[in-house]
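Trainee: What follows is each chain in one-letter form.
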Amino acid sequence: MFSTKYARANSLGDALERMRAAEDGKFLGGGQTLLATMKQRLAAPSDVIDLTKIPDLHGILVNEHDVIIGAASTHAVVADHAGIAATIPALSALAANIGDPAVRTMGTLGGVLANNDPAADYPAAALALRATIHTSSASYPADDYFTGMFDTALDEDEVIVRVSFPIPLRAAYEKFRNPASRYAICGVMVAELSDGTVRVAVTGAGADGVFRVPEMEAALSGNFAPDAARSVAVDPGDILADMHGSSEYRAHLIPVLAARAVAKAGGA
Amino acid sequence: MTGESVSEVNLNVNGQRVSRDVEDRTLLVSLLRDDLGLTGTHIGCDTSQCGACVVHVDGEPVKACSVLATQVADTTVTTIEGLADGDGLHPMQAAFKAHQGLQCGFCTPGMIMMGIAIANRHGGAVSDATIRHELEGNICRCTGYHAIVAAIGDAARQMSQSAPLAAQ
Numbered sequence: 001m002f003s004t005k006y007a008r009a010n011s012l013g014d015a016l017e018r019m020r021a022a023e024d025g026k027f028l029g030g031g032q033t034l035l036a037t038m039k040q041r042l043a044a045p046s047d048v049i050d051l052t053k054i055p056d057l058h059g060i061l062v063n064e065h066d067v068i069i070g071a072a073s074t075h076a077v078v079a080d081h082a083g084i085a086a087t088i089p090a091l092s093a094l095a096a097n098i099g100d101p102a103v104r105t106m107g108t109l110g111g112v113l114a115n116n117d118p119a120a121d122y123p124a125a126a127l128a129l130r131a132t133i134h135t136s137s138a139s140y141p142a143d144d145y146f147t148g149m150f151d152t153a154l155d156e157d158e159v160i161v162r163v164s165f166p167i168p169l170r171a172a173y174e175k176f177r178n179p180a181s182r183y184a185i186c187g188v189m190v191a192e193l194s195d196g197t198v199r200v201a202v203t204g205a206g207a208d209g210v211f212r213v214p215e216m217e218a219a220l221s222g223n224f225a226p227d228a229a230r231s232v233a234v235d236p237g238d239i240l241a242d243m244h245g246s247s248e249y250r251a252h253l254i255p256v257l258a259a260r261a262v263a264k265a266g267g268a
Numbered sequence: 269m270t271g272e273s274v275s276e277v278n279l280n281v282n283g284q285r286v287s288r289d290v291e292d293r294t295l296l297v298s299l300l301r302d303d304l305g306l307t308g309t310h311i312g313c314d315t316s317q318c319g320a321c322v323v324h325v326d327g328e329p330v331k332a333c334s335v336l337a338t339q340v341a342d343t344t345v346t347t348i349e350g351l352a353d354g355d356g357l358h359p360m361q362a363a364f365k366a367h368q369g370l371q372c373g374f375c376t377p378g379m380i381m382m383g384i385a386i387a388n389r390h391g392g393a394v395s396d397a398t399i400r401h402e403l404e405g406n407i408c409r410c411t412g413y414h415a416i417v418a419a420i421g422d423a424a425r426q427m428s429q430s431a432p433l434a435a436q
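As you go down the protein sequences, you meet chains A and B in turn. Under this note's numbering, the residues of the first sequence are numbered 1 to 268, in order. Under this note's numbering, the residues of the second sequence are numbered 269 to 436, in order.
Incorrect hints may appear among the rest.
Derived, one-sided and incomplete: chain B residues facing chain A with beta-carbon distance under 10 Å [claimed, not checked]:
hint	residue
1	Ser273
2	Leu295
3	Leu304
4	Thr315
5	Glu404
Derived by calculation from the structure, the hints in this document are not laboratory data. Yeah, the Cβ is synthetic: ideal placement off N, Cα and C, and Gly gets one too.
Throw the hints in and build the complete structure from the sequences for me.
Mentor: Laid out in structure tokens, this is it:
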């Protein structure tokens, strides 16, 4: 790792001020991606500004319509939260299956969404559940937030403060894991929202990061059943290919995992 | 870049207060091994995959190769060296010995620290399936895991009967 200067921000204002003063600063969540990247010398920020001790970024609120999660909430905290388990169990289950227990101790919701790794799990939940990402300067509907692989609507000096997930009628997430790294080769979140809208979001497979499958959403809107999901073929044209799986393989996985997710969510 | 940024890091490590000035880029595992001489915490893959470096930070499992020492300043850290009470092994250590949950021993400190975290989190009735799921971030290249899973399950049952022996 190259030299860097660490600072623990004690407020949102403090974090933004430190970022503006830094030559080439990076915000730090749990560091479970950033530090690995820095160790490989693929990133060499002059400053890392730790956001995880900022009180405004903590806390989980569950009301009648939404689950609102502070951006510095770790995956372990989300996975263990009784209020989330009672309202969006798919989100609890998703958090409980990110990485491993030690990664879940450190990794944060805000960190995942800011990084927007194409194989990360939370982006699928945010997109399928029609979440809103609230930052230090704006609020983004998930549809406008994810703008490409490792790319988001965030500015360099913008901090995610909290994320609101509307409570769906039902939802489930299925991922097909790389057997070695345990990252998603493909992951599908299916949700039927409170207004009856069905949304399907795919992670791990998009050449531009997380994406929706409108044809499958249409098929499931009339018939929320595994067969309806399985009947939709996905064009491999925009699908990722790497040493772990071809575009055709991942495209094939999408309806398979979507069907499993629909079944898990109670569709029949 | 001019100069090396250095910070004072205060920790409680295995019940002892320690204070060190470290470069900001120092990883927790380096502080433990190089500065404090606690070489029981191993560096295996150095990429957050193998789990040989697992320690507890405020009671929760953390991969010490993937966290900065400064990030965990002012916390309580427990390493493998902090488990035994003199010659008396922690129940998790004793169970690994009884079940022969190790061969070469390289992964063992991380396995034991993760085993205790699993026991703390899931209690004495933890299933083998849960143990296997929770061990996803700990790699053993010798045993084939069966004896490790048996040891953790056994120790979890013992720990639940004699709480609060869990490492804190």
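Trainee: Identify whether the interface hint at Glu404 (chain B) stands, where standing means a beta carbon of chain A within less than 10 Å of its own.
Mentor: With a minimum Cβ separation of about 5 Å from chain A (threshold 10 Å), the hint on Glu404 (chain B) holds.
Trainee: Please check whether Thr315 (chain B) passes as an interface residue: C-beta within 10 Å of a C-beta belonging to chain A.
Mentor: 6 Å, holds
Trainee: Quick one, is the Leu304 (chain B) hint okay against chain A at 10 Å, beta carbons?
Mentor: 19 Å, violated
Trainee: A closest beta-carbon separation below 10 Å is what the hint needs, so does Leu295 (chain B) meet it against chain A?
Mentor: Hint holds; Leu295 (chain B) Cβ to chain A Cβ min 8 Å, cut 10 Å.
Trainee: Should the interface hint for Ser273 (chain B) be scored as holding, given a Cβ-Cβ cut-off of 10 Å against chain A?
Mentor: Since chain A brings a Cβ to about 4 Å from Ser273 (chain B), closer than 10 Å, the hint holds.
In this structure, the one hint that does not hold is number 3.
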